[in-house]
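**Student:** If you want the building blocks of each chain, they are given just below.
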Amino acid sequence: MNLTKIEEKILDGEKGEVMERMFRLLVRLGEIYGADKMIPVGSVQVAGVSYKSIGDPGTDFLEDLASKGAKVKVLTYLNPAGMDLENWEKLGFPKDFAKKQLRIMDAFKKMGIIVTSTCTPYLAGNLPRFREHIAWSESSAVAFSNSVIGARTNREGGPSALAAAICGVTPNYGLHLWEERQPSFKINVDLKLEFSSDFGALGYYVGKMVKNKIPYFTGIKDADTDQLKALGAAMAASGAVALYHVEGLTPEADLVKKTNLETISVGKKEIKETYDKLNTGKNPDIVIFGCPHASLKEISTLAEKLEGKHLKKPVWICTSRMIKEVADRMGYNEIIARAGGSIVADTCMVVSPIEEMGYKTTGVNSGKAANYLPSFCKQEVCFANVDDLIGGLI
Amino acid sequence: MKGRIISPGKAKGQAIVSREPIGFYGGIDIKTGIVIEKGHPLEGKSVKDKILVFPCGKGSTVGSYVIYGIKKNGVAPAGIINKETETIVATGVILAGIPCVDKIDIEKIKDGDTIILDADNGIVEVK
Chain Y
1 MNLTKIEEKI LDGEKGEVME RMFRLLVRLG EIYGADKMIP VGSVQVAGVS YKSIGDPGTD
61 FLEDLASKGA KVKVLTYLNP AGMDLENWEK LGFPKDFAKK QLRIMDAFKK MGIIVTSTCT
121 PYLAGNLPRF REHIAWSESS AVAFSNSVIG ARTNREGGPS ALAAAICGVT PNYGLHLWEE
181 RQPSFKINVD LKLEFSSDFG ALGYYVGKMV KNKIPYFTGI KDADTDQLKA LGAAMAASGA
241 VALYHVEGLT PEADLVKKTN LETISVGKKE IKETYDKLNT GKNPDIVIFG CPHASLKEIS
301 TLAEKLEGKH LKKPVWICTS RMIKEVADRM GYNEIIARAG GSIVADTCMV VSPIEEMGYK
361 TTGVNSGKAA NYLPSFCKQE VCFANVDDLI GGLI
Chain S
1 MKGRIISPGK AKGQAIVSRE PIGFYGGIDI KTGIVIEKGH PLEGKSVKDK ILVFPCGKGS
61 TVGSYVIYGI KKNGVAPAGI INKETETIVA TGVILAGIPC VDKIDIEKIK DGDTIILDAD
121 NGIVEVK
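Protein chains in written order, with this note's numbering: chain Y, 1 to 394; chain S, 1 to 127.
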């Protein structure tokens with residue numbers, strides 16, 4: 001790997017112990033994956049924020065970095081935390097969990113990281129441009145930024161993203177290179193996709209099939225950003241998809257080579273089987289929307305559906321603090337609260353300790369959430385579209 | 001067999017082999033090192049002190065911290081062998097100091113085989 005004189009000096013420890021340690025990790029990754037050099041990144045998004053995910057070892061790791069004066073060089077956002085950072089007590093998050101979570105947030109803040117906690121940074125003020133090099137780590141945000149925006153990032157691990165933020169660079173390999181962004185599967189979609197959950201089911205099915213490869217979709221006539229968000233999130237969870245192309249919809253779809261592709265067809269049968277597979281429970285104790293974090297449009301749609309209704313079970317809508325602010329101003333939060341629901345900011349169902357809060361069966365419309373809830377939150381899952389989920393509660 | 005060095009070090013242990021990818025986040029319990037992903041071929045088994053063999057990582061990017069965490073908690077595998085190690089697993093094993101080699105034909109390794117892993121030189125020996 002070609003390093004500049006300044007970079008060599010970092011490895012010699014001239015910029016301090018923290019820089020040396022972090023830069024060494026990036027160089028090691030660069031060497032493994034055949035990077036020719038380091039490239040500057042426009043922004044970073046760091047995963048590994050919830051205490052539930054990283055535990056005491058992760059907390060110690062972050063506090064150690066912060067106490068040694070680590071500072072980020074570029075705009076750096078965070079993944080969801082394990083709880084609503086302001087409203088945790090009222091929502092019933094355990095106190096000792098909250099204490100640990102707040103320590104983690106303090107460490108990040110000390111490093112100059114924007115304490116945002118969202119899996120949709122692109123909806124909350126961290127929006128890269130087409131072909132911009134970035135180092136993001138939340139798997140659905142990686143899929144969205146690569147695919148829908150056309151920015152360039154590998155799937156960074158939490159610590160490698162943090163290293164990129166502290167050093168301001170990332171090794172130039174993988175999805176930073178045009179030749180690595182070419183598809184190897186063609187997915188023929190032969191059914192009408194209506195709800196976000198349909199896109200989630202499609203994503204879950206395709207992610208299992210293509211694993212860490214790049215799919216090129218045909219037959220998806222239209223999809224808004226919310227639906228593409230659901231599609232990418234599910235593929236990144238059931239597989240390790242970091243980039244997908246959709247004919248006619250995503251920016252690189254017309255530009256990539258479409259030769260020698262292995263073809264997979266997805267129709268009604270496959271999607272129905274996926275719904276059946278993801279449904280492991282009945283009669284949810286709680287219904288949670290916003291995986292990935294809900295957009296303003298998704299919240300306003302839910303407010304419309306819930307206006308004047310009374311919910312029999314708790315409903316959470318997870319989103320970023322920024323979107324919650326606007327939803328508050330528009331009165332959506334009040335409508336949802338009057339129906340018995342809650343807007344929960346900074347966190348999501350997967351990284352919060354819902355199993356410790358007495359919930360056993362969770363209703364979701366997200367393929368990603370349906371993928372993770374059984375193992376990570378010991379939940380039975382009802383996977384359905386938004387109308388069926390809400391219809392069951394009013 | 002000779003592969004690519006991901007994270008240096010030496011280890012010896014019994015192979016635990018998954019033909020399916022492993023997602024460490026939500027896949028392996030950070031406190032016990034037991035595979036918790038529902039329906040995974042290794043569900044219920046512990047990776048502690050084993051040579052963990054799997055084709056590639058999958059799922060959440062928080063996996064790196066889980067690998068670091070299981071090491072700190074003393075329940076990590078002694079070594080890891082992959083067909084293809086992606087960034088999430090690579091970052092985790094480098095940070096945790098777990099010997100790891102990839103580009104290995106893992107079809108040649110069976111559950112229970114005694115493995116000598118020399119990740120300083122990228123060499124995997126099946127006894």
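Check each hint, because a few of them may be wrong.
In silico DSS-like links for lysine-lysine, alpha-carbon gap of 27 Å or less [unchecked claim]:
{"hint": "1", "chain 1": "S", "residue 1": "Lys103", "chain 2": "Y", "residue 2": "Lys211"}
{"hint": "2", "chain 1": "Y", "residue 1": "Lys211", "chain 2": "S", "residue 2": "Lys127"}
{"hint": "3", "chain 1": "S", "residue 1": "Lys71", "chain 2": "Y", "residue 2": "Lys99"}
{"hint": "4", "chain 1": "Y", "residue 1": "Lys258", "chain 2": "Y", "residue 2": "Lys277"}
{"hint": "5", "chain 1": "Y", "residue 1": "Lys277", "chain 2": "S", "residue 2": "Lys48"}
{"hint": "6", "chain 1": "Y", "residue 1": "Lys208", "chain 2": "Y", "residue 2": "Lys282"}
{"hint": "7", "chain 1": "Y", "residue 1": "Lys313", "chain 2": "Y", "residue 2": "Lys90"}
{"hint": "8", "chain 1": "Y", "residue 1": "Lys15", "chain 2": "Y", "residue 2": "Lys110"}
{"hint": "9", "chain 1": "S", "residue 1": "Lys38", "chain 2": "S", "residue 2": "Lys2"}
{"hint": "10", "chain 1": "S", "residue 1": "Lys127", "chain 2": "Y", "residue 2": "Lys208"}
{"hint": "11", "chain 1": "Y", "residue 1": "Lys186", "chain 2": "S", "residue 2": "Lys45"}
{"hint": "12", "chain 1": "Y", "residue 1": "Lys269", "chain 2": "S", "residue 2": "Lys38"}
{"hint": "13", "chain 1": "S", "residue 1": "Lys72", "chain 2": "Y", "residue 2": "Lys95"}
{"hint": "14", "chain 1": "Y", "residue 1": "Lys192", "chain 2": "Y", "residue 2": "Lys100"}
{"hint": "15", "chain 1": "S", "residue 1": "Lys48", "chain 2": "S", "residue 2": "Lys38"}
{"hint": "16", "chain 1": "Y", "residue 1": "Lys211", "chain 2": "S", "residue 2": "Lys38"}
{"hint": "17", "chain 1": "S", "residue 1": "Lys103", "chain 2": "Y", "residue 2": "Lys360"}
{"hint": "18", "chain 1": "Y", "residue 1": "Lys282", "chain 2": "S", "residue 2": "Lys38"}
{"hint": "19", "chain 1": "S", "residue 1": "Lys31", "chain 2": "S", "residue 2": "Lys71"}
{"hint": "20", "chain 1": "S", "residue 1": "Lys31", "chain 2": "Y", "residue 2": "Lys95"}
{"hint": "21", "chain 1": "Y", "residue 1": "Lys109", "chain 2": "Y", "residue 2": "Lys71"}
{"hint": "22", "chain 1": "Y", "residue 1": "Lys213", "chain 2": "Y", "residue 2": "Lys37"}
{"hint": "23", "chain 1": "Y", "residue 1": "Lys221", "chain 2": "Y", "residue 2": "Lys211"}
{"hint": "24", "chain 1": "S", "residue 1": "Lys71", "chain 2": "S", "residue 2": "Lys2"}
{"hint": "25", "chain 1": "Y", "residue 1": "Lys312", "chain 2": "Y", "residue 2": "Lys211"}
{"hint": "26", "chain 1": "S", "residue 1": "Lys2", "chain 2": "Y", "residue 2": "Lys99"}
{"hint": "27", "chain 1": "Y", "residue 1": "Lys100", "chain 2": "S", "residue 2": "Lys72"}
{"hint": "28", "chain 1": "Y", "residue 1": "Lys378", "chain 2": "Y", "residue 2": "Lys90"}
{"hint": "29", "chain 1": "Y", "residue 1": "Lys313", "chain 2": "S", "residue 2": "Lys31"}
{"hint": "30", "chain 1": "Y", "residue 1": "Lys378", "chain 2": "S", "residue 2": "Lys2"}
{"hint": "31", "chain 1": "S", "residue 1": "Lys38", "chain 2": "S", "residue 2": "Lys10"}
If the Cβ cut is set under 10 Å, some of the chain Y residues that face chain S in the computed set are [as the list claims (entries may be wrong)]:
{"hint": "32", "residue": "Tyr33"}
{"hint": "33", "residue": "Ala163"}
{"hint": "34", "residue": "Ala240"}
{"hint": "35", "residue": "Gly248"}
{"hint": "36", "residue": "Leu249"}
{"hint": "37", "residue": "Pro251"}
{"hint": "38", "residue": "Ala253"}
{"hint": "39", "residue": "Leu373"}
{"hint": "40", "residue": "Phe376"}
Hints in this document: simulated from the structure, not taken from any laboratory. Glycine included, C-beta positions come from ideal geometry on N, C-alpha and C.
**Student:** Each hint should be assessed against the structure and marked as holding or not.
**Tutor:** Going down the list of hints, with the structure as the test:
1. Lys103/S <-> Lys211/Y: holds, 17 Å
2. Lys211/Y <-> Lys127/S: violated, 31 Å
3. Lys71/S <-> Lys99/Y: Since the Cα atoms of Lys71/S and Lys99/Y sit roughly 24 Å apart, the hinted pair holds (cutoff 27 Å).
4. Lys258/Y <-> Lys277/Y: violated, 31 Å
5. Lys277/Y <-> Lys48/S: Violated, at about 31 Å.
6. Lys208/Y <-> Lys282/Y: holds, 24 Å
7. Lys313/Y <-> Lys90/Y: Between Lys313/Y and Lys90/Y the Cα gap is close to 17 Å, so the pair holds against 27 Å.
8. Lys15/Y <-> Lys110/Y: Distance ~18 Å between Lys15/Y and Lys110/Y Cα, so the pair holds.
9. Lys38/S <-> Lys2/S: violated, 33 Å
10. Lys127/S <-> Lys208/Y: Violated, at about 33 Å.
11. Lys186/Y <-> Lys45/S: violated, 36 Å
12. Lys269/Y <-> Lys38/S: Measuring from Cα to Cα gives roughly 23 Å; hence the hint holds.
13. Lys72/S <-> Lys95/Y: It holds: about 25 Å lies between the C-alpha atoms, which stays within 27 Å.
14. Lys192/Y <-> Lys100/Y: It is violated: about 45 Å lies between the C-alpha atoms, which goes past 27 Å.
15. Lys48/S <-> Lys38/S: holds, 19 Å
16. Lys211/Y <-> Lys38/S: Between Lys211/Y and Lys38/S the Cα gap is close to 18 Å, so the pair holds against 27 Å.
17. Lys103/S <-> Lys360/Y: With a Cα-Cα distance of about 41 Å, the restraint between Lys103/S and Lys360/Y is violated, given a limit of 27 Å.
18. Lys282/Y <-> Lys38/S: holds, 18 Å
19. Lys31/S <-> Lys71/S: holds, 10 Å
20. Lys31/S <-> Lys95/Y: holds, 21 Å
21. Lys109/Y <-> Lys71/Y: It holds: about 9 Å lies between the C-alpha atoms, which stays within 27 Å.
22. Lys213/Y <-> Lys37/Y: holds, 24 Å
23. Lys221/Y <-> Lys211/Y: holds, 24 Å
24. Lys71/S <-> Lys2/S: Roughly 25 Å between the alpha carbons, so the hint for Lys71/S and Lys2/S holds.
25. Lys312/Y <-> Lys211/Y: violated, 39 Å
26. Lys2/S <-> Lys99/Y: Judged against 27 Å, a Cα distance of about 47 Å means the pair is violated.
27. Lys100/Y <-> Lys72/S: Judged against 27 Å, a Cα distance of about 18 Å means the pair holds.
28. Lys378/Y <-> Lys90/Y: holds, 23 Å
29. Lys313/Y <-> Lys31/S: Not satisfied, since the Cα-Cα distance of roughly 32 Å exceeds 27 Å.
30. Lys378/Y <-> Lys2/S: It is violated: about 40 Å lies between the C-alpha atoms, which goes past 27 Å.
31. Lys38/S <-> Lys10/S: violated, 32 Å
32. Tyr33: The hint holds - Tyr33/Y has a Cβ within 10 Å of chain S, the shortest such distance being about 8 Å.
33. Ala163: At 8 Å from the nearest chain S Cβ, Ala163/Y passes the 10 Å test, so the hint holds.
34. Ala240: holds, 5 Å
35. Gly248: violated, 29 Å
36. Leu249: violated, 25 Å
37. Pro251: violated, 23 Å
38. Ala253: Since the shortest Cβ distance to chain S is 24 Å, the answer is violated.
39. Leu373: Holds - the Cβ of Leu373/Y comes within 10 Å of chain S, reaching about 9 Å at its closest.
40. Phe376: With a closest approach of 4 Å, the Phe376/Y hint holds.
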